[in-house]
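Student: Protein chains in written order, with the numbering used here: chain H, 250 to 878; chain X, -18 to 132.
No lab work stands behind these hints, which were simulated from the structure alone. Each hint should be verified, as a subset may be incorrect.
[Unchecked claim] Part of the chain H face toward chain X, derived, beta carbon under 8 Å:
#1 Ser834
#2 Gly838
#3 Lys841
[As the list claims (entries may be wrong)] Just a sample of chain H residues kept apart from chain X, beta carbon distances all over 12 Å, derived:
#4 Glu271
#5 Arg329
#6 Asn357
#7 Phe358
#8 Ile496
#9 Pro538
#10 Tyr618
#11 Glu660
#12 Arg695
#13 Asn732
#14 Leu775
#15 Ser776
#16 Leu779
#17 Val817
#18 Glu824
#19 His825
Since the model is a prediction, treat every value here as computed from it, not as a measurement. All residues carry an ideal CB built from backbone N, CA and C; glycine is no exception.
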Amino acid sequence: MDDFEKELKAGFLEEAAQLLSETEQTFLQLESNPEDRTTVEKIFRLAHNLKGSANAVGFSQLGEFTHELESYLLKLKDGRLPIDRGAVDILLRSNDFLVSWVSALQTNFEAKVDFAALASELKAQEERRASAVDDSAHAADAAPANESETETEAEAVQPQEQVSEVPSADAFGDESSAPTEDPIAEALAKATLSSLPAPPPSAPSAPVSAKPASATNSGAANAPEESIRIGLGRLEKLLNFVGEMVILHSVLNEQSLSDDKLLLRKTIHQLGKVTKEVQELSMGLRMIPVRQTFQKMQRIVRDTSSALGKQVNLILAGEDTELDKTVLESIGDPLVHLIRNAVDHGVEGADLRRERGKPAAGEVRLSAYHQSGSLMIEIKDDGGGLDPAKLRAKAVEKGIVPANRALSDQEAYQLIFASGFSTKAQTTDISGRGVGMDVVRTNIERLKGDIHIETELGKFTCFKIRLPLTLAIIDGMVVTAENARYVIPLAHVHESVRPAKEDLHFVTGMGDVFSLRGENLPLYRLSGLLGTKGTPRPAPDCIAIVVRTLKHPFAILVDDILNQTQVVIKKLGAEHSRLVGFSGSAILGDGKPALILELPELLAKQNRTGAAPRETAPRENAPKERIAA
Amino acid sequence: MSNSTERFLLFSLGKEDYGMPLLTVREVIAIPNVTPIPHSPSHFLGLMNLRGQVISVLDLRQKLGIKPTGSGEASVIICDLAPLCLGVVVDSINSVLAPEEGSISDPPDSKVARNVEYITGVCRNGDKLVLLVDISKALSVEDVRAIKKAA
């Protein structure tokens, strides 16, 4: 395969992956609004495109399968088959199948996939249902768009019939017994089938309504702006050059101050404005709206709620809020987990809801908004809330908390993030293994965000996630130690104090201690942490930076604080892969690079290896200080 | 290695002549201001800003244990060794050499030599001997271990 062909294929797959994520949305729309022919046509067009390009770049297998899918869609489009939950189910499964197929192809162009089972199922659906079309079509016609109770009933019956017709269990047997040699195919088949919605629950499960119709309409009204794809690498290069431009401008600006040519100075001033504009624009290029990630959650709610036999509506808000692409990508999994939890643990069963006087259909609200330079994501369910007493009891039982320890309510809520903690008595497929929430919190903390719980027993639970808008830029404090400059992320800095001589103490076995308003904090010298030699500045000429974001508060002694600034994080090259204590580097205002300190790492390293130097180093300094005092 | 079209950038380390494949050279610059990196081996001079890109600068002379000439001609060769991009300090940049086919011989199999895996070949240039080096090997033979130790 030559490079051109490879590129072609890779390009196709990337496009296909995006197309598929779009189609999933349209399928869900279709379910909530089967009368809307334009949606069917849109899906048909998407499938047709996929088929065409798959064949064009030489994925003939993919082409064959999408052909089957297309002919099924054609019947739906022409009204020869009814559009109902059963139809949407198989479309969604085909979509899942295609998604995993495409991702398999992305890792290996030669990946073969056994699609016969699903394809024949599609065919079977076509034929069996074609006979029933008169009936169902009639029912669909009769049912008004806004659901009445009778329709819900009709729908409840229908899927049951269909599923009993569809030999899904057989298909599974066939596929696993079929002599598939390809492990990918087998894994795929399993993946597809395990994501099958469970057999229809006894309670009628109404379709999960997608976002309000008005939102769909307004979305369609303002036609999407045309867009092009740009590789992240090129974007990064652009950002680098823009950053350089900003620095050059400031140099130029400084030079012009000593010049009395008015026009020159005016032009440079003008250039500065334009440069700033360009910088802001280019920084914004990494930001993408949360819409796509949010919309994926509809599918999660749909599958989870129908597997549990609950009625749950997902309401989205603030989908246009923008977030850095890398942050958004890493928040997807935690969100899925929280949403599943909200549907499973949060929203109560129908009986209990009735008892509590709540509407039968539960509600999960997923919203995003900006708040003081951060992005907030809220997942709120109108379920039973968290019971602090119950949580406490459970934690004691599991040995996570000693029995005699008193916990505040907020502390009790935080318990759900402890690993191995799950209050649901029964472990289900959906959730309840208690391994997820600690991962959720770790992931969020890795993104330099935090998660907070608000809840009221019997009323609601709300998870509030705070995330930085971007990982590429941080607010930093530029400090010096031994004439070298370092950047400390401002998020870590609680306060900075100029310590008095009498506040610094040395305790043998503990090292330096800083007394701050009656509190004794362990004190580390930055130069000591970094292993640079030299005589540290005496007490009143240095600055202690207090850090409270980590488990234990501590203070770092630096020579001076230069300024506070926003810096663009540049990753260190692979040659520094073993270097710990630095999260990257940043180019400061004068164009010279400085290292960004990763304090937790630096401290952990110190405590691991540096026990000895930490004991000896202060001892040398201690007498001096005492003399100075 | 016998590919006659391959060209080499020749440079000096101390009094010795070395060459590296021209294709790995992005550009040559004067010694820039660098920001030192704590806990790094001594031949890691520090970080520099090359038009918005932060690049590590390493001293090949220190790495190989060669005494610098101090001629004031020292330069930094920016090498593109995907995925790495490094600045390498050398004593001076001499010329570009396109050795004739067959004029490159294997490195001498010396019993006293240690750690010379980075020398890929030897070639004559006039009356001088040019050692052709694999920069990534020359710099990373011990580096990873050294950094590990430092960490």
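Student: Taking the closest Cβ pair, is serine 834 of chain H under 8 Å from chain X?
Tutor: holds, 5 Å
Student: Measuring Cβ to Cβ, find out whether tyrosine 618 of chain H lies farther than 12 Å from everything in chain X.
Tutor: Label holds. Min Cβ-Cβ 33 Å, cutoff 12 Å.
Student: Once the closest CB in chain X is found, is it more than 12 Å from leucine 779 of chain H?
Tutor: Violated: least Cβ distance 4 Å, not greater than 12 Å.
Student: Evaluate the condition: distance from the CB of glutamate 271 of chain H to the nearest CB of chain X exceeds 12 Å.
Tutor: At about 33 Å from chain X, glutamate 271 of chain H clears the 12 Å cut-off, so the statement holds.
Student: Report holds if the minimum CB distance from isoleucine 496 of chain H to chain X is greater than 12 Å, and violated otherwise.
Tutor: About 8 Å separates isoleucine 496 of chain H from the closest Cβ of chain X, which leaves it inside 12 Å; violated.
Student: Report holds if the minimum CB distance from proline 538 of chain H to chain X is greater than 12 Å, and violated otherwise.
Tutor: holds, 27 Å
Student: Using Cβ atoms and 12 Å as the threshold, tell me whether glutamate 660 of chain H really stays out of contact range of chain X.
Tutor: Given that every Cβ of chain X is farther than 12 Å from that of glutamate 660 of chain H, nearest at about 36 Å, it holds.
Student: For asparagine 357 of chain H, is the shortest beta carbon distance to chain X beyond 12 Å?
Tutor: holds, 22 Å
Student: Please settle this one: leucine 775 of chain H was flagged as non-interface, so is its CB more than 12 Å from every CB on chain X?
Tutor: Non-interface label fails for leucine 775 of chain H: nearest chain X Cβ at 10 Å, not farther than 12 Å.
Student: Taking C-beta pairs only, is asparagine 732 of chain H more than 12 Å away from all of chain X?
Tutor: violated, 10 Å
Student: Does the claim that glutamate 824 of chain H lies outside the interface with chain X hold up, using a Cβ gap greater than 12 Å?
Tutor: Non-interface label fails for glutamate 824 of chain H: nearest chain X Cβ at 5 Å, not farther than 12 Å.
Student: Just checking, arginine 329 of chain H versus chain X, shortest CB gap more than 12 Å?
Tutor: The claim stands: arginine 329 of chain H keeps its Cβ more than 12 Å from every Cβ of chain X (closest is about 55 Å).
In summary, the structure is inconsistent with hints 2, 8, 13, 14, 15, 16, 17, 18, 19 from the numbered list given earlier, while agreeing with the others.
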